[in-house]
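Chain residues, written in single-letter form:
Number of protein chains: 4
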Amino acid sequence: MATKANSVPHPTVIKVDPFKPAAEQKGLHNRWHPDIPAYAAVKPGEVFKVECVDWTGAQIGNNDYSDDIRDVDLTKVHNLSGPVAVEGAEPGDCLVVDILDVQPFEEMPWGYTGIFELNNGGGLFAKEFQSRAAKAIWDFEGIYASSRHIPGVRFAGITHPGLIGTAPSQELLNEWNRREGELIQACGEVVPAVAFPPEPKGVHIGSKEPLKPEVLEKIAKEGARTIPGREHGGNCDIKNLSRGSRCYFPVFVKDALLSVGDLHFSQGDGELSFCGAIEMAGIVTFKTSIIKGGIEKFALKQPIFLPSPVDPMYSAKLVFEGISVDYHGDGKQYNMDATVAYKQAALNCIAYLMKLGYTREQAYLLLSAAPVESHVGAVVDSPNACVTLGIPLGIFDHDILPNPDGLVKKDFGQCAIRSDGVV
Amino acid sequence: MATKANSVPHPTVIKVDPFKPAAEQKGLHNRWHPDIPAYAAVKPGEVFKVECVDWTGAQIGNNDYSDDIRDVDLTKVHNLSGPVAVEGAEPGDCLVVDILDVQPFEEMPWGYTGIFELNNGGGLFAKEFQSRAAKAIWDFEGIYASSRHIPGVRFAGITHPGLIGTAPSQELLNEWNRREGELIQACGEVVPAVAFPPEPKGVHIGSKEPLKPEVLEKIAKEGARTIPGREHGGNCDIKNLSRGSRCYFPVFVKDALLSVGDLHFSQGDGELSFCGAIEMAGIVTFKTSIIKGGIEKFALKQPIFLPSPVDPMYSAKLVFEGISVDYHGDGKQYNMDATVAYKQAALNCIAYLMKLGYTREQAYLLLSAAPVESHVGAVVDSPNACVTLGIPLGIFDHDILPNPDGLVKKDFGQCAIRSDGVV
Amino acid sequence: MATKANSVPHPTVIKVDPFKPAAEQKGLHNRWHPDIPAYAAVKPGEVFKVECVDWTGAQIGNNDYSDDIRDVDLTKVHNLSGPVAVEGAEPGDCLVVDILDVQPFEEMPWGYTGIFELNNGGGLFAKEFQSRAAKAIWDFEGIYASSRHIPGVRFAGITHPGLIGTAPSQELLNEWNRREGELIQACGEVVPAVAFPPEPKGVHIGSKEPLKPEVLEKIAKEGARTIPGREHGGNCDIKNLSRGSRCYFPVFVKDALLSVGDLHFSQGDGELSFCGAIEMAGIVTFKTSIIKGGIEKFALKQPIFLPSPVDPMYSAKLVFEGISVDYHGDGKQYNMDATVAYKQAALNCIAYLMKLGYTREQAYLLLSAAPVESHVGAVVDSPNACVTLGIPLGIFDHDILPNPDGLVKKDFGQCAIRSDGVV
Amino acid sequence: MATKANSVPHPTVIKVDPFKPAAEQKGLHNRWHPDIPAYAAVKPGEVFKVECVDWTGAQIGNNDYSDDIRDVDLTKVHNLSGPVAVEGAEPGDCLVVDILDVQPFEEMPWGYTGIFELNNGGGLFAKEFQSRAAKAIWDFEGIYASSRHIPGVRFAGITHPGLIGTAPSQELLNEWNRREGELIQACGEVVPAVAFPPEPKGVHIGSKEPLKPEVLEKIAKEGARTIPGREHGGNCDIKNLSRGSRCYFPVFVKDALLSVGDLHFSQGDGELSFCGAIEMAGIVTFKTSIIKGGIEKFALKQPIFLPSPVDPMYSAKLVFEGISVDYHGDGKQYNMDATVAYKQAALNCIAYLMKLGYTREQAYLLLSAAPVESHVGAVVDSPNACVTLGIPLGIFDHDILPNPDGLVKKDFGQCAIRSDGVV
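Protein chains in written order, with my numbering: chain A, 1 to 423; chain B, 1001 to 1423; chain C, 2001 to 2423; chain D, 3001 to 3423.
Because the hints were derived from the structure by calculation, they are not lab data. Quick caveat: nothing in here was measured; it's all calculated off a predicted structure. Beta carbons: idealized from backbone N, C-alpha and C, even for Gly.
Distance condition first, Cα-Cα at most 27 angstroms in a straight line; then the derived DSS-like pairs of lysine-lysine:
{"id": "1", "chain 1": "B", "residue 1": "LYS1409", "chain 2": "C", "residue 2": "LYS2410"}
{"id": "2", "chain 1": "C", "residue 1": "LYS2004", "chain 2": "A", "residue 2": "LYS76"}
{"id": "3", "chain 1": "D", "residue 1": "LYS3332", "chain 2": "C", "residue 2": "LYS2221"}
{"id": "4", "chain 1": "D", "residue 1": "LYS3004", "chain 2": "B", "residue 2": "LYS1020"}
Computed beta-carbon distance windows for the label pairs:
{"id": "5", "chain 1": "A", "residue 1": "LYS15", "chain 2": "B", "residue 2": "ASN1403", "range": "32 to 42 angstroms"}
{"id": "6", "chain 1": "A", "residue 1": "ASP405", "chain 2": "B", "residue 2": "ALA1041", "range": "19 to 29 angstroms"}
{"id": "7", "chain 1": "C", "residue 1": "ALA2041", "chain 2": "A", "residue 2": "THR12", "range": "30 to 40 angstroms"}
{"id": "8", "chain 1": "D", "residue 1": "LYS3292", "chain 2": "C", "residue 2": "VAL2422", "range": "33 to 43 angstroms"}
{"id": "9", "chain 1": "A", "residue 1": "ASP405", "chain 2": "C", "residue 2": "ALA2005", "range": "46 to 56 angstroms"}
{"id": "10", "chain 1": "A", "residue 1": "VAL408", "chain 2": "C", "residue 2": "MET2354", "range": "58 to 68 angstroms"}
{"id": "11", "chain 1": "C", "residue 1": "ALA2005", "chain 2": "B", "residue 2": "HIS1398", "range": "52 to 62 angstroms"}
{"id": "12", "chain 1": "A", "residue 1": "GLU182", "chain 2": "C", "residue 2": "ALA2005", "range": "45 to 55 angstroms"}
{"id": "13", "chain 1": "A", "residue 1": "ASP405", "chain 2": "B", "residue 2": "LYS1218", "range": "34 to 44 angstroms"}
Calculated from the model, a selection of chain D residues having no Cβ within reach of chain C, i.e. all distances over 12 angstroms:
{"id": "14", "residue": "ASP3139"}
{"id": "15", "residue": "SER3146"}
{"id": "16", "residue": "ARG3154"}
{"id": "17", "residue": "ASP3420"}
Hey, can you work out the whole structure from these sequences and the hints?
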């Protein structure tokens, strides 16, 4: 007979409260540094769960104004769960991580996508659009998300951690700070910022035992910000590193020290509006193993992974092309720049969605959040890189295909904007 | 009863000889200019075929040296079939083109992938690798390609025209020449070149009737080179614009004047070695229709398309990540540069393939030619863009997955190199 | 800010204990009858959850013997959660049911697949194999299942309710009893039974308020057994009616009275060993709507559905063929019998798996539980129907392809068998 | 340089004329018998082509009446190309056949689907519909087919040989004749026939050299008809045994003696109208290899195969269910009969398509020809087998989904019927 005795749930090694500010919780940290001590430990082969707050640590609410987006404190992000020590891992090894599942909390069946202000976070079109805060709340209904702020669409989630990585060694951390510092210096003061140097303000290390002040100070002064992805993984925001995938991380410190956070219910390739995924709090299920000497064995400079067999299959798509000419702006020719090409493809798609009746903000949010596919077409046809962006037809409840009569323009209202009405 | 009388083959409106220099053939041209007269005309709704030489116009042979790649004359490329006038199309319209099929010639069941010399064509890693000419010949066996120069792989083709577009208006052409000229001026003399200005040498316009000298001279002086993709389509090298897809082109001149060439049996996202696809001569089957005023109706700045339902499905992949730090080179941090990120992902994959026993040249060619998928992961996590590159497991006849014992290194020989042995 | 107040979980309208005998629980019933009163009520558009025990009602344990399978009491199955009244549904309508999610209980991360005894339940090969009880326990690790009883495989679940349907009208119920009674009479006493007439023994109706004795007696005497699928849906055991699918049910009684149970973590097409899916207890998330007069509008004789976009994609398969000749038995030719053809294909696959080292019981269980695809090839080539059965390559951790050296036979032990050792 | 000299086309080992009666051509035969001599010979590893007439041998024309279907001479079918001897194959071996490509003839870009008369060929619903001859002509436009007789649909082909197999040994042939003879005897005279005994009328063996009269007589008297698939493959009509697949055949005679024919441009699972695929003449490209002792190594009772990676991907479907109760007929309950279940699912789909405006004949033809997927859901839930049939949404140029307002009924005319107007 089935009994509790013969039914052992997988242990949760880090527990959090998604409704409580991250800074008040243990098991969370928001900088990368080798001296952040392990909060939990697991053995290879063990299945375990890790709970995560949303990346802002509960700063954003389920409501119809974007004031919380406007006012978000970015010195406090991302709030990561961990580090988790994997017993036996040593520098030079490869840590194999099975991302067995990623689920929202049952008591929090919603997430959000935000457009950040030009002066507070930015985003891919922060300057082009002179961005003001806007957002969409997404309701989770089982595997699907839909939004009262972007009517007419529903899609299956492709849940994944936007951010997952092993801890850097001191050497690697120094290298990050060197190269990013040089970029900051080279660019001077620009808005939005090109990169984020270590920032003592807002640091939170929710370790088991209080850290010695000198350790905390070192972390605050040197700790790498979590915004970019780097050699250890980190905030790569790869939508297909989703539940069911297997990832191979390089190990830089003893016990690997795995951290995870910034869970996404869904995301489009590019995640263009910066807070572009459907951000959520939730639970990740993991299993790990160690391959000794894996960095050398696999020439591992950055993680590699096997995608999941259960990513949603929206095979029919409408695909937009872009090249490295800023023809939506001043017409300048760039040299084989895939980022510029990506932007044109996205702007072409936004223009198309606006013909269907979506506002620019809705279109921008939708491309960020839906399972949009962006491929690098070619990066050798000088001077134009070509990038494509495909939007699945199956996520719309209406026909969006080009047809001889043109497109039917509907009224989809507007997404959540600031309470002062500024867009 | 089935009879010849009731079985009408689709007409071929342009015929070519794949074994004859392109410059000696009619129906081919190798510049973009509104004054190139239509070579053939079709009505909307008609199914028709267009034959194409390979992009070099028979310069490359089925042999085991890369001397022909080294010596290729790039002033003569690409050789395009056309223009085909579509009756009734007018500037401002959208030309709908069904790419119904793309097949190699029965009498030429092979194609090639080339690495070009640093000084003659370049390629994505021309400088990094100080590239010398190399190539792989691919044998076509039905839907599959395999190569004596890259043993251990076989894959289904995803046949497509690397280059397809409508003719530019004079205004658009002028704009191209302006912006590309400015880039050339800004960069100065560099190797490989950043862009290619109009070049009278090598121009070929194989029109029905001889052109007036002043027209030919104008085309030679102003005609845009065919290397980059642009607003009209052109050399976009998008592997998924394959047989079975439907493409929506903006129309800039009367009758649209569609041209096509640079057929590929297969290509990876990025086409990294420049002549990176499996280049072939062959036959395209088309059908067109016109949507009046389509540019305005669909906000069309560049073509959009619906991909084919028959692209090969290699769902299991090993995915490599890259960020916009040149960690394979001098370690410099770039600002959200997806091209740099793509390059790191590709270099990570090449390093992995070399652990399996492929030479650097073989790996470079393989990534260019096989149905590799490259996604823009995220382009908002300052300063790092993240790009992924996934290589299908199913194209290998051996297991390439990471495993605890490391990778088995086999001897796959080498691809075709120069007869003087220089690599 | 995210708060409990703005985060409303979806309500659970039926709660059960997966470790308690079903007969002791409310909200469960194990017969189909129009007089079974609604246990819960929902409005169209509402998202709600329903908890389900496993189909046997906790009779099977997580252990290494199959005695519980041998001794299972089949008069008590299936235990269904419901009925759920959908307000406003009337006979003749179509009830649209979104199966938004299907998850195992967190506290019970395992399921089982069983081979039933010839004399107690049977199965597709009960007679051919003179079946004795055997089973495999499957451990759930996020989206994956694996089994200590069938080493070497792991696959992503395709979670679905094996059984879901609306209540029959009295007329429809009478028709079921008539036609099944005639079959039973025509076949006489056979083992295993061809069909199951109403059976008062074991009836359980866990209604809110105690039923009047005469009502209970009527249900016990007339209530249709839950083994077969019928016009209302019921036990169709369709693996692709999985989480994410949308199903259109005919409505036969006021408020539709939807019931659900027999949850599966995974199943192969055919579910051949009878208890062939990975049986589990768990939670279904639903949303409904009503289409008035839908039976007539859609010519609805039985449910139709739209499959989920997230079913696992194992595209590479090894496919076995079968025809309607019992060439594994007495060589008899059957007349266009797809069931016989299915059996040959399955037996061909079992024979192949045994060459790899699996026992017959392991192979039989594996085909039942894994995401095997069985297609009806052709049913018009008299006298042979042709049916195929494809087993995904990606579920094995070793290479199972035919190769010139033959197949490597490994030792995979044996599945759970009876404690008396009888197989 | 590319030259004819370095471009060697694959040889065509059997050439036919698709517009000439099969009986007048060499390289064709229409019975299975071990004494039919090889018409061509190939070596393992060689790529070669085989041309095929359509299965009737040019009896059906591209016109708008079905009289040719009504009058077809079925004693003459199928016309197979071959046999092809594979050097070195011996009884007990496994013949590996790569079906590298399947293409229609360029000069015959059309095919047909037929409903046969109850008294001449039948079909799955011959009795239910009291079938009279009807047909649809399909035009091939590259990879797509569409029909003037069934407007509103277009789909990508999944080209395949409906019929492919090795020659039987004398023992195997005797066994076929025994068992099929017993079935014919058991059923008595029925219409349509349950099976087809050897039939001297219409025999054609187009061997290189004239056969000795006694050999021809033996073949005529004993030769197995080609209608059903059997242990050697034969007329299995499996749509996914398509171009790009690899098939493993058992070898029963020296040199294997492979024959192929009955090419299909497309087919639905089940091929229900008997001549249900899109029948065509065309060209198959093959490559073979031999695995010594493969029958024993792989427990090979019938071919097994690896499907192609390029089958069209129409993931969104509307799925119909059926059970083994003839609820479209007399309401009889059958015992776990998957064929009856398949029929109900198909009839449910036909009823739905008729709500959209298609005639019963159009719907029947469409289900036969389009890439419909039919899965065996479950064959263990006594007494009801459950079978599903899914029709892809992407093949329609209009929305066919159920919606609250019911289905829009359009006028699609009618398919080709008899010139006397009888339907």
